[in-house]
Structures are given as structure tokens and as C-alpha cells.
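**Q** Heads up: the sequence lines are chains E and H, in that order.
All residue numbers for the first sequence refer to this note's numbering, where the first residue is 104 and numbers rise by one.
All residue numbers for the second sequence refer to this note's numbering, where the first residue is 104 and numbers rise by one.
Please note that a few of the clues may not be correct.
Which copy is meant is left open, because identical chains are indistinguishable; a pair holds if it fits in one copy or across any two.
As the list claims (entries may be wrong) - Keeping only pairs whose Cα atoms sit at most 27 Å apart, straight-line, the calculated BS3-like set for lysine-lysine is:
hint	residue 1	residue 2
1	Lys139	Lys241
2	Lys241	Lys207
3	Lys207	Lys299
It is worth saying that the hints were derived from the structure and are not from the lab.
Protein chains: 2
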Amino acid sequence: MLRLYDSRLSGNSWKVRILLSQLGRPYERITLDLAKGETRTEAFGAIGRFQRVPVLVLEDGRPIAESGAILLHLAEGTPLLPADPYLRAQLMGWLFFEQADLQKPLAIARVLHLHGQAQARREDIARLQAEGYPALEKLERWLARHGWLVDDRYTLADLAVSAYVSVAHQGGYEMARFGAIRDWLARVHGQPGWVKLLPDEAATPGA
Amino acid sequence: MLRLYDSRLSGNSWKVRILLSQLGRPYERITLDLAKGETRTEAFGAIGRFQRVPVLVLEDGRPIAESGAILLHLAEGTPLLPADPYLRAQLMGWLFFEQADLQKPLAIARVLHLHGQAQARREDIARLQAEGYPALEKLERWLARHGWLVDDRYTLADLAVSAYVSVAHQGGYEMARFGAIRDWLARVHGQPGWVKLLPDEAATPGA
């Protein structure tokens, strides 16, 4: 059976759980405690070369690191990953944009807030938001003219890009200004098989 | 003919030029002047949705944005992009790692140095290096045990990850401490068809 190493709040790991659910793939979930250093052990380093979650271990025992690589591996051959080369190039563009431009400014601001450091680290958060808002504005501009990121239907691009955007408000981002993003998030969260980050949170985080 | 929009110093565009050269694909090169705002025009925005280089326009006129998406599109079906699903997952992991962890701390520190702001922005550079060094150390640890990033041969992963690492010293990074990276860069730069970033620079930048 597939084995997923994640952590409780990791948005990158959440993407993999959404995809596994939407593909109907059973898996064993091993949730590591980052505060206890469980990603920094030698044993975990042997399967995750960057010492971070998520890592997916395939049925044959071989590990895949990096959420984007895991998502693409699992989605290959399914409707979530278009076979057409041009659509695939558009999808890849969104996946790289999310990892290069969106993920860190959203994720780090969120971690600082969740750890009660919003006040003490307000300059860092302001700097992160100065990077994150322009990326969100690029997304908003696209979604003001398109229902989905690629091919006018829900694909892996929507799944991957929406995860950290769904919880951006937890990092102090004012999301009310992004109407097209809000509507798109509602469509994404309504997809069959979509799962929440945490079992006890509101149905549509970020709404 | 393929048409590549780049800028003179863009490392992400340089990757595409190296790949086009190594694949023997002719192309028209249009170098935009970022200082003159040539990426921020409405005309360029129509082909590059994120208003940045590189953008590759295919023979049929359709544009591809984001260097990672361009590289994968061009390399598909060539020996630089393994067909094996597991090797491909490893390669994707390196491409995402480079965009998420390496590229910005290396590229932005470099731009600040090249623009003569190394002293005025030294706190920003210190913060960037605090992100960039750990990523370089992860790369060094891998290369201390492997000749190449994937499949024990030169692939698109080596091409993509090496570009900004090749010019990291221009951002004030002390690269002498990274012996395995230095040897790997020499192997990468020795690959047939590899091209320099600028015609007038030293043969092996970063060496």
C-alpha cells in the first residue's frame, strides 16, 4: 500500500491527501511531528532527501520527495493531468508558479501566525505579504477571465494552487479583495473527493 | 520557428537557451529590457501571463510561460527527460526544489549585487543567504554521493538546477566550501552544446 509521510498542518502534504482521495487510492498515513524533529532523523533522511514532508513511499518501497513530483506521479494517466502536450505545459506553469511565488509567502506568514508570532515578527510578515499579494493578484486576474486554471475544467493545477490559497487568511492575508479567487475556491472545495486540511475546521477555509 | 523572449541576465531564460542549443533546435531570440519595462507591456502580458521571461512561443503561435514548463515541453521525448516514471519523479523533485528553494535566494542576491546595492541592502542579502545556503548544502550532500542528480547521467535536472548555482558567487555566496558542487558544475559545463550566459564571461562561471 502507498505510505504518505506528512505533518498535521503541511499544505504541501494536504495536496497529496486531496489527490489520493480524489483518485480513490488507499494509503497509510504517517504524521510526523515537526516540533519533535521527526523530519530531521537519519531514518527519515534516507527516504526524504530534503528532510521534509510530504514523502510518498510507493508499493515497492521506493520514495518520492517533493509535493509537485508526488502529485504528477500519482495523477499521470488520470483525467486530472491532461495528456495533451500544450495543456500539460500550461498546467506545469501553474505548478511551478505556485511553488516559486505563492507557496512560501503564504505558508511562512501562516506558520508565524499559528505560532503566535504575528506581532513579534510583523516586519517579516509584511515582507512576505509584499511578495504574496502580487502573486495572488496574478491568480485573481487569471480567474477573473477563466473558470479554471487549465482547459476550462478542474485539474491538478487547481488542486495544487488552491491549497495554500485556501489558508492564506491564516497568515493575515486579506482575501476579501479577491472575489474571483473566492468563487474559484468554492468550486474547488466542491469537487468530489475533496478533503479538509483538518477534520474540525470550517467547510470552506478562506471563504 | 520557435521564438524565445528572454532578458540579458535571466538565469531562467539561460536554462532554455542551453536546452535549445543541446537539442539543436533553431529559434529566434528576443531579448527584452527589464529596466525599460518591456515585460510589463500589455502586448507581452498577452503571451506571458505572469509578465516575466522566459516565454517560448511555439511554431503555431501558442505561448508557454514559466521556465520549468518550457524546459519540460522541449525535452519531452529526448534523452534529457527520462521516460521511466520513477526517474521522472526524481527529476521533477529537483526541478521543484530549484524553483522553490534555490532560485530566488540565489537570483535576488545576485541582482542586488549586480545593481550595486550589496552594501545598502546587506540585511536583505544576509536573509537571502540564510535561505540559500541550506539549499546549497542539500545539493552538496547529494552530489558528495552521486555524480548526477538523476539516473547517474546528465539530464534536464542537472541543466535546470545548475544555472543559478553557476552564478551564485555573483550574489556574494562563498562557493569554495562546496567541493562536490564545483566538480559537478565543471561536468555540466563540459556537456556538448552547453552555452554561456553571456558571450564575454569566463568559460566556467562559479568555478
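**Q** Treating 27 Å as the Cα threshold, decide for Lys241 and Lys207: within, between, both or neither.
**A** both (16 Å within a copy, 18 Å between copies)
**Q** Using 27 Å as the alpha-carbon threshold, which applies to Lys139 and Lys241: within, between, both, or neither?
**A** between (37 Å within a copy, 21 Å between copies)
**Q** First find the shortest C-alpha distance between Lys207 and Lys299 inside one copy, then the shortest across copies, and answer within, between, both or neither for a cut-off of 27 Å.
**A** Classified as within; 20 Å inside a copy, 31 Å across copies.
Of the numbered hints listed earlier, not one is contradicted by the structure.
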